[in-house]
Amino acid sequence: MKQTLSRGRFVAGTAGAAALTFGGGPYVIAAPTKEITIGLDVPQSGPYAEQGQDQLRAYHLAIDEINAKGGIMGMKVKTSEGDDQTKPGVATENAQRMIERDGAVMITGGSSTGTAVAVSGLCQQKNVIFMATLTHGDETTNQACHKHTFRRYNDAYMSAQSLARTLVTKYGTGKWFHITADYAWGHSVYDNLTAVVEPKGAKTIKNVLTPFPGTKDFSPMLQQAQAAKPDVLVLTEFGADMVTCLNQAAQFGLTKSTKILVPLVDEYMAKGTKDNFDNVVSTAPFFWKYHAAKFPGAKKFVDAFQKRYGFPPSNGAETAYADIYIYKMAVEKSGSLDPAKVIAVLESTKFQFTKELEWYRKEDHQGVTSCLVVEGIPESQRGPGGFDYAKVLEDHPGEKVIAPLAGLVCKMEPA
Amino acid sequence: MEALFQAMLGGLVLGLIYIAIAVGLTIIFGTLRLVNFAHGAFYAIGAYVGLVIAQRIGIGWAFIAAPIAVALFAILLDRLVLRSFYNKEATSQLLVTFGIALVVEESLRLIFGATTQQYTMPLALQGSFALGPVTYPAYRLLFAGGVIVMLALVWLFIEKTNYGLIVRAGVRDRVMVQLLGGNIRQASTIVFALGAAIAGLVGAAATPIYGIDPATGFAFLVPSFVVVVVGGLGSFWGAILGGLLIGQLQSLTNLAYAPASNVVIYLCMALVLLFRPQGLLGESEVIRQS
Chain F
417 MKQTLSRGRF
427 VAGTAGAAAL
437 TFGGGPYVIA
447 APTKEITIGL
457 DVPQSGPYAE
467 QGQDQLRAYH
477 LAIDEINAKG
487 GIMGMKVKTS
497 EGDDQTKPGV
507 ATENAQRMIE
517 RDGAVMITGG
527 SSTGTAVAVS
537 GLCQQKNVIF
547 MATLTHGDET
557 TNQACHKHTF
567 RRYNDAYMSA
577 QSLARTLVTK
587 YGTGKWFHIT
597 ADYAWGHSVY
607 DNLTAVVEPK
617 GAKTIKNVLT
627 PFPGTKDFSP
637 MLQQAQAAKP
647 DVLVLTEFGA
657 DMVTCLNQAA
667 QFGLTKSTKI
677 LVPLVDEYMA
687 KGTKDNFDNV
697 VSTAPFFWKY
707 HAAKFPGAKK
717 FVDAFQKRYG
727 FPPSNGAETA
737 YADIYIYKMA
747 VEKSGSLDPA
757 KVIAVLESTK
767 FQFTKELEWY
777 RKEDHQGVTS
787 CLVVEGIPES
797 QRGPGGFDYA
807 KVLEDHPGEK
817 VIAPLAGLVC
827 KMEPA
Chain S
15 MEALFQAMLG
25 GLVLGLIYIA
35 IAVGLTIIFG
45 TLRLVNFAHG
55 AFYAIGAYVG
65 LVIAQRIGIG
75 WAFIAAPIAV
85 ALFAILLDRL
95 VLRSFYNKEA
105 TSQLLVTFGI
115 ALVVEESLRL
125 IFGATTQQYT
135 MPLALQGSFA
145 LGPVTYPAYR
155 LLFAGGVIVM
165 LALVWLFIEK
175 TNYGLIVRAG
185 VRDRVMVQLL
195 GGNIRQASTI
205 VFALGAAIAG
215 LVGAAATPIY
225 GIDPATGFAF
235 LVPSFVVVVV
245 GGLGSFWGAI
255 LGGLLIGQLQ
265 SLTNLAYAPA
275 SNVVIYLCMA
285 LVLLFRPQGL
295 LGESEVIRQS
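So the protein lines, in turn, are chains F and S. Remember, the working numbering sits 416 above the position in the first sequence when you count from 1. Remember, the working numbering sits 14 above the position in the second sequence when you count from 1.
Keep in mind the hints are simulated off the structure, nothing from the lab. Glycine is no exception: its CB is placed at the ideal position from the N, C-alpha and C atoms. No false leads were slipped in.
DEER-style ranges, computed between Cβ atoms: (1) F:722 x S:121: 27 to 35 Å; (2) F:645 x S:284: 36 to 44 Å; (3) F:645 x S:120: 38 to 46 Å; (4) F:584 x S:160: 39 to 47 Å; (5) F:722 x S:120: 24 to 32 Å; (6) S:179 x F:796: 54 to 62 Å; (7) F:486 x S:124: 29 to 37 Å; (8) F:516 x S:116: 25 to 33 Å; (9) F:722 x S:75: 30 to 38 Å; (10) S:120 x F:586: 40 to 48 Å; (11) S:160 x F:722: 37 to 45 Å; (12) S:86 x F:619: 51 to 59 Å; (13) S:159 x F:672: 21 to 29 Å; (14) F:796 x S:17: 31 to 39 Å.
Pulled out of the complex, with its shape left as it was, chain S reads as follows (with noise of 0.2 Å):
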């Protein structure tokens, strides 16, 4: 009973990781239509720029200076390569953002080698709490409630703003949006770039969870896509849903079995396709439209 209690309080911390980075991926498509596999280089970006901030001046800036660093970065790739590519199909769009993302990875393995770096937290954050029967590291669960928070702002920004009305608008009928004069370019590049941010706030929090190499901004992308698509593309609660499942289903499978933990997502993610090819909340229009 405690192991099971422990193996789902752990795929619910692992379940908010992806939904960290799973979010920013379905917003950017929501928005911009944009199937985005550059999006685990800002991963890798942002815990790079966070280590090198983290090692010199301190933690506390490097998650400051991360996101703004990854939205940056990619507030130029949108400017001058993927702005051609908004409008065209989905497999020009799935090879530009996979080039980005082989060139950023080389890159960063050119510049920080291929070892695995790490930072350590604060020592303040290195001990664990007592939740009940069990143990839990407390870093972790900070990084699960600073994921939630996150993700509250996310939500306020798409319901509570103008340029979340745009955004929710464009999601129905881009061209109808322009022509009512919203200025869907402008809410477009702040979407991408907060997608972006919030990747590289994940990847430099993140970071001394797990450690960064050049590849790992691809690993966590991996399940991620998963999430996304069993939540549904484009949908920002099927994201949060998609990601509690599959943290479940993952850390589940560890208890029964550990070998096949990686494989039962790809599992649960071929029925989703088979069963309900839109995703568990998407809408089925989304899918005709991209």
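Same shape as in the complex, but just chain F (with noise of 0.2 Å):
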């Protein structure tokens, strides 16, 4: 600890490019030292800009906020930024550039799981830590889980598992119709929800994959949903793509002939469907109304966010928010910018920033953290923006619908 310690001081201290190797990898620091850079690899154009965009924002309070108290262990903090356009190539080509050309120390984004899963990818090669900020799908934790990959949303299974009950009271075991984003989040959307409602007597009639990302008219599979009659239609769609989708299926006269159901959603999603969102339930980790009311970490972030951009933070950028204050936490604690140093504290400590207390789970990193069931307002009650988009339902502890580890098929790299 103490070595670790004063070999980061060195390392803060040095004047001129140093290339110094820390645990596996080649680990690069720019001069001038006494800075640091983190990699911002969001969407900002695409189906998920609106994502992006609004944890941007997060990233740059919470990382001026940190350079305003001195940094991170005395280094001040410098961003590299990349627009991923929600392409999993362009996000990778963002991340090489922001490791090999800024050296950033760590990269944080991600607004799909498709982009989660690549760049995460990447970094565990590069040996350079991924704080998955908005994805959603299993895979980021499980299936393509990496030593050097966090991520602190809550995922599909926990979503499904907190929707359980209000699935069968509310939406009931009728006839499911689902229209999926054809990529990893949809799918392992779909496997947990029917997972959930299947065995209690819901019957799945056709689930329709649509090409993602880029499909504009998504009339042809709700046509089918129309011609199908189900008691529940399932929009497995996120971001523009599902505001797109959901307003569409109000023009076909679905939200009145059905009952709508979207697994997550965000504040912007919300705005962007108006009174469509109206009666309709889902998940979020995260309601700056309802947790700045609970936690006062939670308080202080909303605050100053509406105090700096005129309007409350959505869920996503809640994430990126602490995603940060964790990593200077992580660092703060082991004394080192060392990834492996990192980990093993990422890997054993709590902690508290916004929410109750956290902490990722040592087997898949993935976060235990509380997920919420919302049901959406009509947009005449949701107050200036419409930022204030549903009431809560449910409120779940994380390790009441974490997945168990007896199911994980994650096999993490040693330490």
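Both chains come to you apart, so use the hints to assemble them.
Here it is as structure tokens:
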């Protein structure tokens, strides 16, 4: 511990470019020192652009707050940013540039499970920590888990478990029709939801996969749903795709003829779908209004965000904000930038920033964090800007809804 | 059976949307021999002009302002940039129009941001119509009807006006038209502005259905190009046949196996290019000249 600390300070104080090897891989710190670079790899265009932009706002808020108070272990935090366009290839290219050209010590981002899994693999090879933000597919911390990747956002399994009771009481066990984004996240949500409701008697009549990204017209899928006359229509689409899909569903009269379920939502999706989101049930790991009333850390964050930008943060923004503080905590506690030591802290430390006491599970690096079941309210009741979009039906503790270790296929690399 | 009928109805409407964009592309190509990759940009500009006007003044004005604004933009583009490319080879045209498309897309991103925006359709049109056993959104049906009316007007323009005569003659032999005293320059500008205005109007009218982000123009340009290639470059009826075919193909594939619905239209294009390179209703002469 003491030795590491001195090495960290040595690095921080050394002028000139220094290429040092920490742990297994090459580790570069660009001159001048007394600074570290964090790579922010989020979509600023494409279907998840609104989510990516809100995360970027939260990253900047957290980093400016930290720099104003002396940085991380005395080192000023700089950023290297890139638009991943919600495309895994672009996200990986960005991360590579951030690591190799800008000497990023940590990469964070990923508004889709597709990009998160791709960046996670690269960061593992490069021996760089990856704090995955808004990624909800199980794959990120299960099938494609990596030693260097930590995901705090709840996964699709946790959403499905949290929804279990509501699904039966509100949606019932009739005929279920799914429209699902055709990539890792969509598949993961579909598998988890059907695993919860089918044993209770729900009948899945069809699952239509939609090309991702870039589907503009959901009418062919919606017409099939219309013809099938289901009791429940599940729209597993996210970001602008969900907005387009749900609004088009309303044009086909489906919001009136069937019960709509959207497994994951955020403030911007609710805003975009207006009254079409009224009465729709969904999940979210964070809701600014609910958490700010409950936790001082959340209140501080929500107030600061609101003061700086003029509107409250979405749940993706909260994840981004917390991830910067969690990384800071881990670096300071280990007294080092060495990924191996930071990982050891992240695997063994409980922390509290904006929610209850949370931690990462050592076995898969999934955050044990609570999951809210929310229900959309009419647009007229949502207050200025429409950010107060839902009422909270249930708040499930992370340890109650997280996937049991026995079922995991995650094979973590050795430390 | 009901599902099949629904899919075919959906395919018809989708096809008409593609046709509405493709018809501008094809008359511009037919008259000016210009491969216009900036056509999607016209759609996007129309959609954003529509968005701004609809939010500030009203949706009716949006449908008037969008085509006018886009036509003016097209005339400027024609006078300042494209004029010197009309007699160049297809590669140069492709590069310059592609460049324009990128400049427009990025400018729209700077001005309006990258997020998808939408304006709501009038309340009266938010409902749906019952058509036999199925119900279909009223706005989409109205949109489809509007496209048919617009196509009829374009056809009348080409077939019944003097400008249309020059346009049709120009498709056959540009030089001869000029030798005979036809003002093909002026006619060209009018056709270019008309094709652009149609794309702008479609952009404004389709936004309540699809929303708009800076990349949307390109997303619609690509299938519309497929429609034009399948139907025959420069052919008015080719665009209509191609659009109807592609719309049905995409919609029926969606019913059978949705993930293949984007691939199938390119497969169709590849088959047409292999076995009938001039397109279903295209003239082989047109291909040679270009």
